[in-house]
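Going down the list, the protein sequences come from chains U and P. With our numbering applied, the first sequence corresponds to residues 1 to 535, in that order. With our numbering applied, the second sequence corresponds to residues 1 to 399, in that order.
These are calculated hints, taken from the structure and not from any lab test. Heads up, a few of these hints could be off.
[Unchecked claim] Away from chain U, derived, C-beta distances all over 12 angstroms, residues of chain P:
no.: 1; residue: 44
no.: 2; residue: 84
no.: 3; residue: 212
no.: 4; residue: 219
no.: 5; residue: 318
no.: 6; residue: 350
no.: 7; residue: 374
[Claimed, not checked] Dumping the calculated DMTMM-like pairs for lysine to aspartate or glutamate here, alpha-carbon to alpha-carbon at most 25 angstroms:
no.: 8; chain 1: U; residue 1: 432; chain 2: U; residue 2: 401
no.: 9; chain 1: U; residue 1: 156; chain 2: U; residue 2: 134
no.: 10; chain 1: U; residue 1: 534; chain 2: U; residue 2: 163
no.: 11; chain 1: U; residue 1: 32; chain 2: U; residue 2: 53
no.: 12; chain 1: U; residue 1: 143; chain 2: P; residue 2: 211
no.: 13; chain 1: U; residue 1: 32; chain 2: P; residue 2: 306
no.: 14; chain 1: P; residue 1: 397; chain 2: P; residue 2: 380
no.: 15; chain 1: P; residue 1: 397; chain 2: U; residue 2: 11
no.: 16; chain 1: U; residue 1: 32; chain 2: P; residue 2: 304
no.: 17; chain 1: U; residue 1: 143; chain 2: P; residue 2: 153
no.: 18; chain 1: U; residue 1: 407; chain 2: P; residue 2: 93
no.: 19; chain 1: U; residue 1: 115; chain 2: P; residue 2: 301
no.: 20; chain 1: U; residue 1: 143; chain 2: P; residue 2: 207
no.: 21; chain 1: U; residue 1: 407; chain 2: U; residue 2: 378
no.: 22; chain 1: U; residue 1: 143; chain 2: P; residue 2: 13
no.: 23; chain 1: U; residue 1: 432; chain 2: U; residue 2: 354
no.: 24; chain 1: U; residue 1: 407; chain 2: P; residue 2: 301
no.: 25; chain 1: U; residue 1: 32; chain 2: P; residue 2: 125
no.: 26; chain 1: U; residue 1: 407; chain 2: P; residue 2: 153
no.: 27; chain 1: U; residue 1: 115; chain 2: P; residue 2: 136
no.: 28; chain 1: P; residue 1: 174; chain 2: P; residue 2: 117
no.: 29; chain 1: U; residue 1: 8; chain 2: U; residue 2: 471
no.: 30; chain 1: U; residue 1: 534; chain 2: U; residue 2: 129
no.: 31; chain 1: P; residue 1: 397; chain 2: U; residue 2: 134
no.: 32; chain 1: U; residue 1: 380; chain 2: U; residue 2: 431
no.: 33; chain 1: U; residue 1: 432; chain 2: U; residue 2: 357
no.: 34; chain 1: U; residue 1: 8; chain 2: P; residue 2: 207
Where is the CB? At the ideal position from N, CA and C, for every residue including glycine.
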Amino acid sequence: MSPTTAAKSREYDAIVIGGGHNGLVNAAYLAKAGLSVLVVERRHLVGGAAITEELHPGFQFTTFSYALSLLRPDIIHELDLVRHGFMPILMPSSFAPMENGDYLLLGPDRDENLKEIMRHSAHDADAMDRYEHDVERVCQLVKPLFDRVPPNLFGKSPEDLADIAWLRSHLGDAPPKVLHDAVRMLTGSAADFLDDYFESDILKGYMASSGIIGTKVGPMSQGSGLVLLYHSLGEHDGQFGAWAFHKGGNGGFTQVLARAAQAFGVEILLESEVDHVVTREGRAVGVVLGDGTELSSRTVVSAVDPRRTFLELVEPRELPTDLVENINRFRFQGTSAKVNFALDGAPRYPALGDRTDQYRGFTNIGPSMEYLERAFDDAKYGWYSQRPYLDCAVQSMVDPDMAPPGKHVMSCFVQYAPYHLRGSDWDTEREKFGDTVQATLESFFPGFGDLVLHREVVTPLDIERVVGLSEGNIFAGEFFAPQMYFFRPAPGWSQYRTPIDGYYQCGSGTHPGGCVMGAPGKLASGQILADLRKD
Amino acid sequence: MIRTTPFHPRLSELSTTGLWSHWAGYLSAQKYDMSAKHEYFGIRNSAGFFDSSPLYKYWVRGRDAERFLAGVLARDVRTCRPGRAQYTIWCDDAGFLLEDGVVFRYSENEFMLTAAEPNLGYLRDLVGRLDVEVVDVSQEYGVLAVQGPRSREILARLSPDVAALPYFGHTQTKVGAASVTVSRTGFTGDLGYEILVPAADALPVLDAVIEAGTPYGMRPFGEQALLMARIEAGLLLVDVDFSSSRYAWTDHDRVTPVELGLRWMLRGIDDPERPFVGRTALRAEIAGGTSRWATVGIVVDWQDWDRVWTRAGLVPPKDETPLDYESMLYDADGGRVGYATSFMYSPVLQRHIGIARVRPDHGAVGSTVGLEVTVNHQYETVAAQVARLPLFNPERKTA
């Protein structure tokens, strides 16, 4: 069954609004349980922010999201994704160029990595082992929280009390050091945490970069520790913190999800926008599309972000006032952008001569915590970084499907690029911003500009316009402690239900949040199916 | 002094690890860079090349060459037309496996047989009065395997004939100035080819392959990556999944083709026109249903695997490095029903998988066996499903 542009029926058991990865995961689980499910996607392709597009002939761009790490392993198996082409290509290395022309190149071998770290600091070599072990223990503690619905702190039912008791006992069983490390990461700054282990600028810059991705914090801001922890929590093949490029980019992955969902019977409707959710007597009964078509369904699931879920798809006047207030002050404030390049060849890093194997994983332009913090300074005052942080991925190095032979695509994730610019706007600044990014690359890779065949600048405004993520926040809402776990997206509404019966939320604005994780979609499906059994 | 293959001068430049095994008396790369897993990803996503030169190679030629091989090999070589190759086996007179290899038919009376172990004496002893010569040309040729989804595109740039080669077909062609045989064969279970090249021409051919493949992300791979790919592909390895009957001390270490899942090779075994070594014993085994084992794939229940390790406070390991020991298999009552001869975590399949030998009554696809693992120094059993081999079988392999 291929996606269509006209719904085959007027009535479904469940309608999922938004064909991003969480919408697809949610729909697949509902269909697997026997429901008739329709996914309604506004664009001509599914995937949301996880898409691959041929924006220049022969060159496949991961326009937005560009790598996999946090996808929950149980989803791979339960939705039978391997059968539909799931193929993560693990990254063998991380490359961190330095401003003095030196570099840090970490690969798959521990001992070689220790020697490489010792080039920069002998002290930091064993610190690396200690750091990784400590963080992995925190990950082991936190991971079960990712795979469960957050407890309802405000509930008094036996189920709620049992959930709270589970959390208490889970945390209570942790060794004190592990629990304390978890709290330090969840509430503190990446800089403070990393300073406890490391002395070398390049290592700290490289590690701290994971503490700022997608979030309006600098490495020295309280709260960056939480982002650092999130980016350590991913796993592939049993390795914490491992990242992969999916075959065909992240769009390759969401196409796999779409095929899996369709195999369970999900119908996908493209180029159709949901105008609003129809409610009757406080209960969702269907949706109305942009062209006026009305489709009925006793279950409606919003896979879009909390602002759209609560303030646009339904009438905020029908919702509790405190929820509306919470959603109104929910922080989006996207600060990330992308600049994607089609290249005539691999960039040259002078210290490595003609070598190109360093580009098989991420290339991290964030040579010190100070570099990152100064990049953040610009954003604090309403402007984009003049020397931005870049997370670059040349996916065609490991996946020849991404570019013609010998040519390359290079995806550059850029911070900081605040959604609200002071004294200008993104339509005015787009290409100047692209020039800033390219100039930064040129300073590390002399001759880079000569390789550029095509450049695509994606600002937070573009993310909002194209994908629909409010203010271009890539996580569908900031990763701030007051917006996480049992407060995501709002106190009392973290269990995927809404005040409207039969209306659910399953996007990245719910626990456990953004990244291509799929957990919100899966956890929401469990709640929906449980409610249907009760009815 | 250990020998080196004709490709070695270039391969030693490509090796960043300096890690070599000894294979049949030659240096053979274990891995070219520190992660065999990424060499494996090369095979599955773009292409990789592997030096198979240490294989033994025998010309079998003469008016009676077909008759000779038809009597030595258990698979009927008469069905192999010129320009085609067959994966084949040979057995002892008790029907136990001696070895496996690939036979290439060049013409009516001309074959090449490859093998992992020396077999010249054995083959010559069986010639009798037939008009056939068996010549060991092992050192005269290099063999370069080019494997992976982009291998066809890469080799077709060097030799357009390659594009049309069917699975297990071969052709004599040119790469640059060198005369080579390119066959659509390999040990990875993927789309792939092998190039047989006279030793003197090996380096220029390798250089041409590297030049053609580099833009596609092709990379060299060593034994470790090969041994991952071959388990996924259900390809059996001598001294791992079976032992040669010739060197076994007891029948516990011997296995028949039927027991090894190779009964399909014995098609036509009842044809009285083709007596071959082991035929009588194998017919008796089939007729009497006396096989002791079935060889199957096993796929571990991922939830059970995670549960056992997580309960012990450990991160469930997912290690693609094949185990170098056997893992016992049990039924629901704890009775021994067999053992896995190969076991690994498959990155492509995202499951722990194995090649196993089970009692025939436990060989039904979909049935459950318990796999013994050691967790925190204690034996635990995790559920695994019996599955048909090969476990990874992409369409491109034969398409």
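- request: Please write out, lowest number first, the hints stated earlier that are contradicted by the structure.
  value: 1, 3, 4, 5, 6, 8, 9, 11, 12, 14, 15, 17, 18, 19, 20, 21, 22, 23, 24, 25, 27, 28, 29, 30, 31, 33, 34
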